[in-house]
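Residues per chain, in single letters:
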Amino acid sequence: MSDIGIIISSHVADLAHGVYRMLKEAAPEVSITYAGGTDDDDIGSSFEKIQAAIEANESSHCLAFYDLGSAKMTMEMAIDMSDKKIELMDVSFIEGAYTAASLLSGGATYNNVMEQLAPLNIK
Amino acid sequence: MLTAEQTNRWLERFAEKIEANKDYLSELDGIIGDGDHGNNMARGIEEMRKKLQAADPANGSEVLKNASVALLSKIGGAAGPLYGTALLEMSKQMTEADDLSAVVKAGLDGVQKRGKAEEGEKTMVDVFAPVYRELEAGNLTVEAVEDAVEATRELKATKGRASYLGERSIGELDPGAVSIGYLFISLIEEGLTDV
Ligand SMILES: Nc1ncnc2c1ncn2[C@@H]1O[C@H](COP(=O)(O)OP(=O)(O)OP(=O)(O)O)[C@@H](O)[C@H]1O
Ligand SMILES: [Mg+2]
Numbered sequence: 001m002s003d004i005g006i007i008i009s010s011h012v013a014d015l016a017h018g019v020y021r022m023l024k025e026a027a028p029e030v031s032i033t034y035a036g037g038t039d040d041d042d043i044g045s046s047f048e049k050i051q052a053a054i055e056a057n058e059s060s061h062c063l064a065f066y067d068l069g070s071a072k073m074t075m076e077m078a079i080d081m082s083d084k085k086i087e088l089m090d091v092s093f094i095e096g097a098y099t100a101a102s103l104l105s106g107g108a109t110y111n112n113v114m115e116q117l118a119p120l121n122i123k
Numbered sequence: 001m002l003t004a005e006q007t008n009r010w011l012e013r014f015a016e017k018i019e020a021n022k023d024y025l026s027e028l029d030g031i032i033g034d035g036d037h038g039n040n041m042a043r044g045i046e047e048m049r050k051k052l053q054a055a056d057p058a059n060g061s062e063v064l065k066n067a068s069v070a071l072l073s074k075i076g077g078a079a080g081p082l083y084g085t086a087l088l089e090m091s092k093q094m095t096e097a098d099d100l101s102a103v104v105k106a107g108l109d110g111v112q113k114r115g116k117a118e119e120g121e122k123t124m125v126d127v128f129a130p131v132y133r134e135l136e137a138g139n140l141t142v143e144a145v146e147d148a149v150e151a152t153r154e155l156k157a158t159k160g161r162a163s164y165l166g167e168r169s170i171g172e173l174d175p176g177a178v179s180i181g182y183l184f185i186s187l188i189e190e191g192l193t194d195v
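Line order of the protein sequences matches chains R and P. Just so you know, we're using the numbering used here here: the first sequence kicks off at 1 and counts up by one. Just so you know, we're using the numbering used here here: the second sequence kicks off at 1 and counts up by one.
If you're looking for bench data, these hints aren't it; they were derived computationally from the structure. Be careful, since some hints might not be right.
[Stated by the list, open to error] Subject to a maximum C-alpha distance of 27 Å in a straight line, what follows is the list of computed DSSO-like cross-link-like pairs (lysine-lysine):
1. P:Lys-156 to R:Lys-84
2. R:Lys-85 to P:Lys-116
3. R:Lys-123 to P:Lys-92
4. P:Lys-156 to R:Lys-123
5. P:Lys-116 to R:Lys-84
Using the sequences provided together with the hints, build the complete structure.
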């Protein structure tokens with residue numbers, strides 16, 4: 001188990017939920033929250049949903065994973081306005097998030113997770 | 001500082017231009033992006049109008065702040081955090097000094113901090129930056145804004161959705177450059193560049 005949580009941000013509600021399910025299977029005890037799509041569930045990003053995903057996460061230190069453009073920039077604005085420590089990871093979305101989830105679930109240290117994520121840095 | 005009344009007029013004119021050109025903006029975005037820029041902006045300005053009408057701001061800075069919150073929360077695409085940051089930084093700078101070019105510079109810096117784009121990457125920065133320079137030199141005109149918008153046609157996108165198209169992003173205007181152009185044209189048309 002780990003004190004570090006995971007936040008997922010995607011343009012598509014189904015995609016965010018799908019990634020969440022995939023991670024949760026490998027890491028049932030890591031706090032994982034997600035935000036996908038606009039307020040109306042169209043394709044895009046919702047500041048409100050992203051803020052809610054940050055709030056709802058049980059960890060005060062989280063790693064955030066995103067797919068493209070506004071899922072990143074909107075997350076950054078929400079991070080600026082949050083008291084939590086949230087690190088935005090510029091790694092491949094699904095592989096990166098899955099790597100972090102499985103490592104955290106296995107009790108890896110923060111440094112270990114960062115090391116394993118480094119080669120996935122593609123953004 | 002611009003008064004609340006002046007800033008409201010500026011943003012209302014901008015809202016009218018977005019509304020009138022909503023389909024055009026989405027069409028442009030359809031060519032090099034995902035086709036939603038007009039709808040995104042229209043959603044944003046609808047919320048902005050509601051917020052501005054309900055508010056009782058003391059000055060222009062407060063109007064810009066209210067507008068920034070509305071645009072950030074309702075646009076739903078990359079333009080959301082970009083316009084949100086631009087207007088928020090302009091709002092902050094407006095309380096510092098009377099110089100409009102410094103206000104625009106603060107907005108430009110905010111957009112670049114948020115989106116990491118330099119000039120030449122076919123984004124709204126390609127209008128924002130020359131507008132700032134012209135304003136600083138004291139000769140910002142509608143033509144200058146239109147020229148900057150037009151100059152995005154030949155650029156290859158290396159930021160945002162259009163960057164996934166590579167060379168094929170050349171040949172059409174950048175939708176975000178067009179919409180931010182409306183913001184500055186509105187400022188000029190309301191006669192606010194030399195108050
Ligand atoms: N990194 C960036 N820096 C500056 N401007 C940008 C950047 N990314 C996109 N833009 C601007 O945003 C405009 C597109 O806005 P729009 O609302 O359509 O967002 P989008 O690209 O569909 O968002 P998303 O990231 O959700 O796919 C572009 O035309 C460009 O001017
Ligand atoms: Mg778009």
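Against the structure, the hints:
{"no.": "1", "hint": "P:Lys-156 to R:Lys-84", "verdict": "violated, 38 Å"}
{"no.": "2", "hint": "R:Lys-85 to P:Lys-116", "verdict": "holds, 22 Å"}
{"no.": "3", "hint": "R:Lys-123 to P:Lys-92", "verdict": "violated, 31 Å"}
{"no.": "4", "hint": "P:Lys-156 to R:Lys-123", "verdict": "holds, 19 Å"}
{"no.": "5", "hint": "P:Lys-116 to R:Lys-84", "verdict": "holds, 24 Å"}
Consistency note: the structure conflicts with the earlier hints numbered 1, 3.
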